[in-house]
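Peer 1: All chains, please: the whole structure from these sequences, using the hints.
This is what each chain is made of:
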Amino acid sequence: MAGGTGVLVDLNCGVEPVALIDLSRVAGLRDATRDGDLIRLGAGVTYTDVLERHAGELPGLAAAARTVASRQVRNRATLAGALVLGDPSGDALAALGAAEADVEIHGPDGRRTVAADAFVTAPGACDLRPGELVTALLVPVADGPVAYAKAGARNAMARAVCAVAIALHPARRTATACVVGAAPTAIRPSVAEALVAASWDTLGDPAIAERFGALVAAAVDPIPDARGSVAYRRQVAGVLARRALQRAAAEVVVAP
Amino acid sequence: MRLTVDGTPHEIDDVHGGQSLLRVLRDVLHITSAKNACEQGECGSCTVAIDGEIACACLVLAAQADGARVETAASLASPGDGALHPLQVAFMRAGAVQCGFCTPGLVVAARDLLARDPDPSEADIREGLNGNLCRCTGYQKIIEAVQMAAREMPR
Chain F
1 MAGGTGVLVD LNCGVEPVAL IDLSRVAGLR DATRDGDLIR LGAGVTYTDV LERHAGELPG
61 LAAAARTVAS RQVRNRATLA GALVLGDPSG DALAALGAAE ADVEIHGPDG RRTVAADAFV
121 TAPGACDLRP GELVTALLVP VADGPVAYAK AGARNAMARA VCAVAIALHP ARRTATACVV
181 GAAPTAIRPS VAEALVAASW DTLGDPAIAE RFGALVAAAV DPIPDARGSV AYRRQVAGVL
241 ARRALQRAAA EVVVAP
Chain E
1001 MRLTVDGTPH EIDDVHGGQS LLRVLRDVLH ITSAKNACEQ GECGSCTVAI DGEIACACLV
1061 LAAQADGARV ETAASLASPG DGALHPLQVA FMRAGAVQCG FCTPGLVVAA RDLLARDPDP
1121 SEADIREGLN GNLCRCTGYQ KIIEAVQMAA REMPR
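Heads up: the protein sequence lines correspond to chains F and E, in order.
Quick note: the first sequence uses our numbering, first residue 1, plus one each step.
Quick note: the second sequence uses our numbering, first residue 1001, plus one each step.
Think of the hints as simulated: they come from the structure by calculation, not from any bench.
Remember, it's a predicted structure, so these values are computed and weren't measured experimentally.
C-beta: ideal position from N, C-alpha, C; glycine also.
Errors might be hidden in some of the hints.
[To be verified] The calculated label-pair distances, taken between Cβ atoms and stated as ranges, are:
1. G110(F) with D1051(E): 34 to 44 Å
2. P1009(E) with N155(F): 39 to 49 Å
3. G56(F) with S1078(E): 33 to 43 Å
4. T1008(E) with R172(F): 34 to 44 Å
5. G28(F) with T1032(E): 37 to 47 Å
6. V1089(E) with G124(F): 40 to 50 Å
7. V1089(E) with G28(F): 41 to 51 Å
8. E52(F) with T1004(E): 21 to 31 Å
9. T1004(E) with G28(F): 19 to 29 Å
10. E1152(E) with A122(F): 50 to 60 Å
11. D1081(E) with D31(F): 40 to 50 Å
12. A1037(E) with H106(F): 50 to 60 Å
13. D1051(E) with R172(F): 35 to 45 Å
[Stated by the list, open to error] Incomplete in silico selection of chain E near chain F, CB under 7 Å:
14. I1054
15. N1130
16. G1131
[Stated by the list, open to error] Counterexamples of contact, computed for chain F against chain E with all Cβ distances above 10 Å:
17. P17
18. R34
19. R40
20. R53
21. V73
22. H106
23. D109
24. P170
25. P184
26. E210
27. A218
28. S229
Peer 2: The structure is reproduced here in structure tokens:
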């Protein structure tokens, strides 16, 4: 365990662990370093750390972090911990997916990396083998406008029913997006992303955002639960995707 | 394990492995100025500051807090003469206390908010205190109390 905000919920419900290993005081695990256009966030980095230290370089991750729980929880909860808990509606999962971040893992067989959007493999499960540990998140620095659109039961303290993160890359004239809460895993809507690339010069056209939303809604594969039905989640995914693209596109500076 | 709670050091022997900081405060040390309601980090009633950073004491493993300085709502009043903190005075003057159950967590969270942002807007206060539920739904007067305290407190 790191911050403990996930594990303690289970312990308080009476779950008796075989063993608990606290990583929160492991030296260096909370460090963040920049190497060129990549930021290495140690597995002990909290949501508050992201908001207070990295919002300039990682605005998409900060926008998602701001919607997570409360200050009390964000002070301790780690992004890596949230991924390992395997919540396919996680805010950090969406933002890391849109940023094309990697999860760095160390284990008996050495070091490997997994794309963040592929790390959560099912509700409550992740791509971590016995003996392995997430050691860092490798997050590319934002190179253009980002947006995060989330729907929850209320504006605060709510897990996402669905959320869409988008990052625009003006130099490449492309977009990367990630949808959470609309499938058993995070979804990269590749057809919708391709639409943005093909429509770069007319991104401000509301019809493009409308089409983008429809393509995202077509790409998701929601599971029903207490927070939303399949039809509701598909509808919300499309609306959030449209809004996210509109917000990000409004910030694209067209070169003279 | 050792804890310093509201300035008083404690040596604690009987902590079991999965016990939360909140349980140790309340059930072992009998310190009740952090309230226990949801034990899921949803309500904020157990908000304390741990080495200066607020947290839900229910979501902290007691062992993780070994050696820490913990501050509950009882840390707001002056340890010398018991003079109330401006937030406590403001909560009373604004009528921000109904049943009072959420109040200890709220004043700890509000003190942290004002330390980071001495002049918050109403929106800042609503977002900053969104981890503290008031089941009496007395939010408007709570916000007025924080605004009142912000005006009264030395910058």
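Peer 1: Against each hint, give a clear statement of whether it holds in the structure.
Peer 2: Here is how each hint holds up against the structure:
1. Range check, G110(F) to D1051(E): about 35 Å between beta-carbon atoms, so the 34 to 44 Å window is met.
2. Between P1009(E) and N155(F) the Cβ separation comes to about 41 Å, which falls inside the hinted range of 39 to 49 Å.
3. In this structure, G56(F) and S1078(E) meet the distance hint of 33 to 43 Å, their C-beta atoms being roughly 39 Å apart.
4. Remark: the range hint 34 to 44 Å for T1008(E) to R172(F) is contradicted by a beta-carbon distance near 59 Å.
5. In this structure the hint that G28(F) and T1032(E) lie 37 to 47 Å apart at CB holds, the actual value being about 38 Å.
6. Restraint check, V1089(E) to G124(F): a C-beta distance of roughly 47 Å satisfies the suggested window 40 to 50 Å.
7. Hint check: V1089(E) to G28(F), Cβ distance near 44 Å, so the stated range 41 to 51 Å holds.
8. A beta carbon spacing of about 25 Å between E52(F) and T1004(E) agrees with the range 21 to 31 Å that was offered as a hint.
9. With their beta carbons about 27 Å apart, T1004(E) and G28(F) fall inside the hinted range of 19 to 29 Å.
10. A C-beta distance of roughly 53 Å is found between E1152(E) and A122(F), which places it inside the suggested range of 50 to 60 Å.
11. Against the hinted window of 40 to 50 Å, the Cβ-Cβ separation of D1081(E) and D31(F) comes to about 43 Å, which satisfies the hint.
12. Take A1037(E) and H106(F): their Cβ atoms lie about 39 Å apart, and the range 50 to 60 Å is violated.
13. D1051(E) and R172(F) have their C-beta atoms about 44 Å apart, which keeps the hinted 35 to 45 Å range intact.
14. Taken as an interface hint, I1054(E) checks out: its beta carbon lies about 5 Å from the nearest beta carbon of chain F, inside 7 Å.
15. The restraint placing N1130(E) at the interface with chain F holds, with a minimum CB-CB distance near 4 Å, inside the 7 Å limit.
16. A least Cβ separation of about 2 Å between G1131(E) and chain F falls short of the 7 Å threshold, and the interface hint therefore holds.
17. Interface exclusion of P17(F) from chain E breaks down, the closest Cβ pair being 6 Å apart, not more than 10 Å.
18. At roughly 24 Å, the least C-beta separation between R34(F) and chain E is larger than 10 Å, which holds for a residue marked as non-interface.
19. For R40(F), the requirement that its beta carbon stay farther than 10 Å from each beta carbon of chain E is met, with the minimum near 23 Å.
20. Non-interface call for R53(F) relative to chain E: holds, since the shortest CB-CB distance, roughly 14 Å, exceeds 10 Å.
21. For V73(F), the shortest C-beta to C-beta distance to chain E comes to about 5 Å, within the 10 Å cut-off, and the non-interface label is violated.
22. For H106(F), the non-interface assignment is confirmed: its Cβ lies about 22 Å from the closest Cβ of chain E, beyond the 10 Å cut-off.
23. At roughly 30 Å from the closest C-beta of chain E, the C-beta of D109(F) stays outside 10 Å, upholding its exclusion from the interface.
24. Even its closest Cβ contact with chain E, about 30 Å, leaves P170(F) beyond 10 Å, as expected for a residue assigned away from the interface.
25. No beta-carbon of chain E is positioned within 10 Å of the beta-carbon of P184(F); the least distance is around 24 Å.
26. No Cβ of chain E approaches the Cβ of E210(F) within 10 Å, the least distance being about 30 Å, so the stated non-interface status holds.
27. At roughly 34 Å from the closest C-beta of chain E, the C-beta of A218(F) stays outside 10 Å, upholding its exclusion from the interface.
28. At the 10 Å boundary, the C-beta of S229(F) stays outside the reach of chain E, the nearest C-beta of that chain being 24 Å off.
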